[in-house]
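**Q** Okay, here's what each chain looks like letter by letter:
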Amino acid sequence: MCECCSGHETHEPTEKDLQLMEVLSKYHDQEGALIPVLQAAQDIYGYLPREVLECIGEELKIPISQIYGVVTFYAQFNLSPRGRHLIRVCQGTACYVRGAKAIFDEIKDKLGVGDGETTEDLRFTLESVACIGACSLAPVITIDDDTHGRLTKNSIAKILAQYS
Amino acid sequence: MRRILLCNDTGCKLSGAKNITAKLAEEIKKQGIDHKYQIVNTGCHGFCEQGPIVVIEPEDTFYCKVKEKDVEEIVAKHLVNNEIVERLLFEDPLTKTKIEKYQDIIFYAKQEKIVLQRCGLINPLNINEYLQHEGYKGLEKALSISPIEVVNEIKAAGLRGRGGAGFPTGLKWEFAHKAVGDKKYIVCNADEGDPGAFMDRGILEGDPHSLIEGMLIAAYAIGSDEGYIYVRAEYPSAIRTLKIAMEQATAKGFLGDKILGTEFSFHLKIKEGAGAFVCGEETALLASIEGKRGMPRVRPPFPAQKGLWGKPTNINNVETFANVANIIRNGAQWYSSIGTEKSKGTKIFALSGKVKNTGLVEVPMGITLREIIFDIGGGIQGGKEFKAVQIGGPSGGCLTNEHLDLPIDYDSLLQVGAMMGSGGLVVMDQDTCMVDVARFFLNFTQSESCGKCTPCREGTKRMLEILTRITEGEGKEEDILKLETLGKSIKVASLCGLGQTAPNPVLSTLKYFRHEYEAHIKEKRCPAVACKELVTYTIDPVNCNGCTLCARRCPADAITGKLKEVHVIDQYKCTKCNTCFEVCRFDAVIKS
Numbered sequence: 054m055c056e057c058c059s060g061h062e063t064h065e066p067t068e069k070d071l072q073l074m075e076v077l078s079k080y081h082d083q084e085g086a087l088i089p090v091l092q093a094a095q096d097i098y099g100y101l102p103r104e105v106l107e108c109i110g111e112e113l114k115i116p117i118s119q120i121y122g123v124v125t126f127y128a129q130f131n132l133s134p135r136g137r138h139l140i141r142v143c144q145g146t147a148c149y150v151r152g153a154k155a156i157f158d159e160i161k162d163k164l165g166v167g168d169g170e171t172t173e174d175l176r177f178t179l180e181s182v183a184c185i186g187a188c189s190l191a192p193v194i195t196i197d198d199d200t201h202g203r204l205t206k207n208s209i210a211k212i213l214a215q216y217s
Numbered sequence: 014m015r016r017i018l019l020c021n022d023t024g025c026k027l028s029g030a031k032n033i034t035a036k037l038a039e040e041i042k043k044q045g046i047d048h049k050y051q052i053v054n055t056g057c058h059g060f061c062e063q064g065p066i067v068v069i070e071p072e073d074t075f076y077c078k079v080k081e082k083d084v085e086e087i088v089a090k091h092l093v094n095n096e097i098v099e100r101l102l103f104e105d106p107l108t109k110t111k112i113e114k115y116q117d118i119i120f121y122a123k124q125e126k127i128v129l130q131r132c133g134l135i136n137p138l139n140i141n142e143y144l145q146h147e148g149y150k151g152l153e154k155a156l157s158i159s160p161i162e163v164v165n166e167i168k169a170a171g172l173r174g175r176g177g178a179g180f181p182t183g184l185k186w187e188f189a190h191k192a193v194g195d196k197k198y199i200v201c202n203a204d205e206g207d208p209g210a211f212m213d214r215g216i217l218e219g220d221p222h223s224l225i226e227g228m229l230i231a232a233y234a235i236g237s238d239e240g241y242i243y244v245r246a247e248y249p250s251a252i253r254t255l256k257i258a259m260e261q262a263t264a265k266g267f268l269g270d271k272i273l274g275t276e277f278s279f280h281l282k283i284k285e286g287a288g289a290f291v292c293g294e295e296t297a298l299l300a301s302i303e304g305k306r307g308m309p310r311v312r313p314p315f316p317a318q319k320g321l322w323g324k325p326t327n328i329n330n331v332e333t334f335a336n337v338a339n340i341i342r343n344g345a346q347w348y349s350s351i352g353t354e355k356s357k358g359t360k361i362f363a364l365s366g367k368v369k370n371t372g373l374v375e376v377p378m379g380i381t382l383r384e385i386i387f388d389i390g391g392g393i394q395g396g397k398e399f400k401a402v403q404i405g406g407p408s409g410g411c412l413t414n415e416h417l418d419l420p421i422d423y424d425s426l427l428q429v430g431a432m433m434g435s436g437g438l439v440v441m442d443q444d445t446c447m448v449d450v451a452r453f454f455l456n457f458t459q460s461e462s463c464g465k466c467t468p469c470r471e472g473t474k475r476m477l478e479i480l481t482r483i484t485e486g487e488g489k490e491e492d493i494l495k496l497e498t499l500g501k502s503i504k505v506a507s508l509c510g511l512g513q514t515a516p517n518p519v520l521s522t523l524k525y526f527r528h529e530y531e532a533h534i535k536e537k538r539c540p541a542v543a544c545k546e547l548v549t550y551t552i553d554p555v556n557c558n559g560c561t562l563c564a565r566r567c568p569a570d571a572i573t574g575k576l577k578e579v580h581v582i583d584q585y586k587c588t589k590c591n592t593c594f595e596v597c598r599f600d601a602v603i604k605s
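Line by line, the protein sequences are chains A and B.
Every letter in the first sequence is one number past the one before it in this note's numbering, and letter 126, counting from 1, is 179.
Every letter in the second sequence is one number past the one before it in this note's numbering, and letter 290, counting from 1, is 303.
These are computed hints drawn from the structure, not numbers from a lab.
Not one of these hints is a red herring.
Chain A residues, not near chain B, derived (Cβ > 10 Å throughout):
| id | residue |
| --- | --- |
| 1 | Pro66 |
| 2 | Leu71 |
| 3 | Leu132 |
| 4 | Arg137 |
The calculated EDC-like cross-link candidates involving lysine to aspartate or glutamate, where the alpha carbons are at most 20 Å apart (straight line), are:
| id | chain 1 | residue 1 | chain 2 | residue 2 |
| --- | --- | --- | --- | --- |
| 5 | B | Lys586 | A | Asp162 |
| 6 | B | Lys31 | A | Asp197 |
| 7 | B | Lys126 | B | Glu70 |
| 8 | B | Lys196 | A | Glu84 |
| 9 | B | Lys589 | A | Asp158 |
| 10 | B | Lys265 | B | Glu147 |
C-beta atoms are modelled at their ideal positions from N, C-alpha and C, and glycine is treated no differently.
Sequences are here, hints too, so could you generate the full structure?
**A** Below you can see the structure in the form of structure tokens.
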């Protein structure tokens with residue numbers, strides 16, 4: 054068993070490490086397990102720290118180089134900590150035509166962060182995404198699991214205030 | 014028991030449907046009529062623009078834009094006293110008359126629903142409602158004939174892949190059926206990544222069993238006992254709905270071992286995507302299921318010979334599978350009587366952009382763009398003029414006025430330089446700049462290019478650079494020719510469908526809107542007044558009454574002027590943020 058999960062000398066296994074162990078034992082012998090394991094690990098830790106990737110590599114017998122290749126290929130995975138709330142601003146065609154860029158700029162200005170960045174207080178992470186699939190209510194953003202549609206620049210401040 | 018249908022799809026939820034269910038239950042209880050009514054939370058009715066939607070059966074009264082505060086009135090007036098609540102009825106945008114029934118609204122009247130027939134009518138989370146509407150009857154019938162007869166039926170129906178390229182589905186099944194192997198897989202491509210398309214989400218959330226049934230029939234036809242549904246991670250509620258549907262289908266014996274007492278077994282799993290558009294390409298999708306970077310590979314061998322883990326695999330998209338049970342149930346002859354000579358059946362389009370009625374529409378192949386945009390869609394918003402329609406997402410093209418009467422099918426669209434794609438229809442008006450739209454799509458494909466083959470990786474980047482400089486007023490005379498040469502090379506030399514179609518939005522706008530490119534390059538002017546770098550803001554001294562609002566709102570302090578005196582914009586300070594234009598109530602700010 055690897056260091057991060059076994060609590061080898063350096064630290065006792067945390068609650069999160071134990072959860073990861075559970076996931077790894079569930080997927081241990083399955084083909085094509087890497088992506089679901091990474092998804093579960095990111096759900097547990099909020100992002101994918103290096104030690105976690107090393108641990109997954111050892112357990113699934115996949116070289117870390119290959120894991121890094123997969124993590125950086127898919128937009129969903131993050132190698133650095135994320136904010137408590139994830140704002141996804143849709144930049145799909147329908148949203149774009151109905152002014153999504155102005156919405157994105159407004160949020161960017163309000164939070165002082167750019168695409169893919171996290172505010173210093175870890176309150177928000179801002180991302181632009183290709184299409185949320187709610188095109189008839191364009192322009193649309195999602196914050197965590199909530200969808201907000203038919204937005205105008207002026208509605209942004211009120212929406213952001215709902216998330217602490 | 015009378016049913017009250019309440020749409021609970023993402024669109025209506027967003028417009029406030031969440032609280033309406035609870036309020037409705039509370040009100041019918043208060044009136045003491047809760048034993049007479051059943052509230053059914055349905056999937057998408059398609060008319061998302063008018064949400065939240067409430068339909069009362071059996072009279073099919075259609076109430077739209079219902080708010081929580083309207084519920085009391087609906088219950089007291091309609092359910093208790095049988096009186097229609099006029100003000101909540103849909104108003105026809107052309108005739109201005111109120112329309113009572115679902116089917117009489119032109120948005121629905123021109124549609125022909127096969128795939129979406131149950132969406133909005135049943136609760137997707139209850140398999141019994143699916144069964145009451147002929148659910149799993151197609152599977153029953155398929156299992157009573159031989160696998161090759163099922164393949165032949167699909168072939169005879171003329172069904173073509175709804176994911177974009179339009180490959181004949183029956184032929185694909187035949188390859189997989191004939192392929193030799195101890196293990197075969199069925200895969201559903203639910204990685205609906207085209208910006209502007211959401212029909213697959215509509216099916217997954219509104220009628221998930223129609224997909225499962227289609228996959229079961231395909232599995233039986235090719236001799237497979239295991240399948241995957243690859244859903245994009247951006248659709249969490251579709252994934253939740255599917256999981257519930259699969260549990261219920263397993264409990265009823267439609268999934269698992271010895272289905273319906275036969276020797277046929279089928280096990281289904283969900284794989285969540287991780288955010289990569291290229292995974293919509295079949296070989297990339299398979300690599301992703303195997304846990305690798307989702308990069309396409311050279312075909313042949315085709316997945317029908319060597320697919321998932323090297324085994325024969327049949328991949329179809331959600332809408333394709335959702336057609337299957339209908340064909341088996343009603344016969345190939347019925348299906349092939351709908352549509353055009355080479356494109357049979359219906360197609361779902363996601364109608365969005367600057368059109369009045371947005372939403373999902375299912376229409377027979379061969380319908381014209383005019384019927385979709387001006388009849389079903391109700392025309393352009395805000396009395397503006399139709400300029401173009403972008404069809405088929407990043408792989409498709411922009412069509413114009415001259416194509417409005419073109420009967421739409423796979424082949425007619427290819428002939429005019431567009432593509433069916435997954436069926437996104439984004440309508441644009443005079444305020445949309447076509448060069449900017451082309452740049453938008455290239456920006457998308459360039460960032461989604463997986464990087465494996467050079468033409469796509471480098472080519473899209475160069476095209477994007479050229480388009481960006483044109484929209485910024487830095488375009489050069491030779492840029493148009495460069496875009497054309499580059500675009501044509503990328504199309505022929507790229508490895509997969511992403512690169513092979515990426516130049517389409519540019520090439521089609523160059524074909525039909527060349528004058529806009531020329532205006533940007535030669536005159537440094539954006540005819541749609543949309544490209545920021547080429548727009549100048551000035552104040553019209555006739556309309557300006559000196560209210561000072563723009564000066565107070567300008568974030569750059571670029572506007573000066575005293576109260577009740579004409580204001581002036583300092584062009585050096587102006588950041589072109591558009592704020593003054595938005596706030597002015599006297600149309601005194603001019604963009605040119």
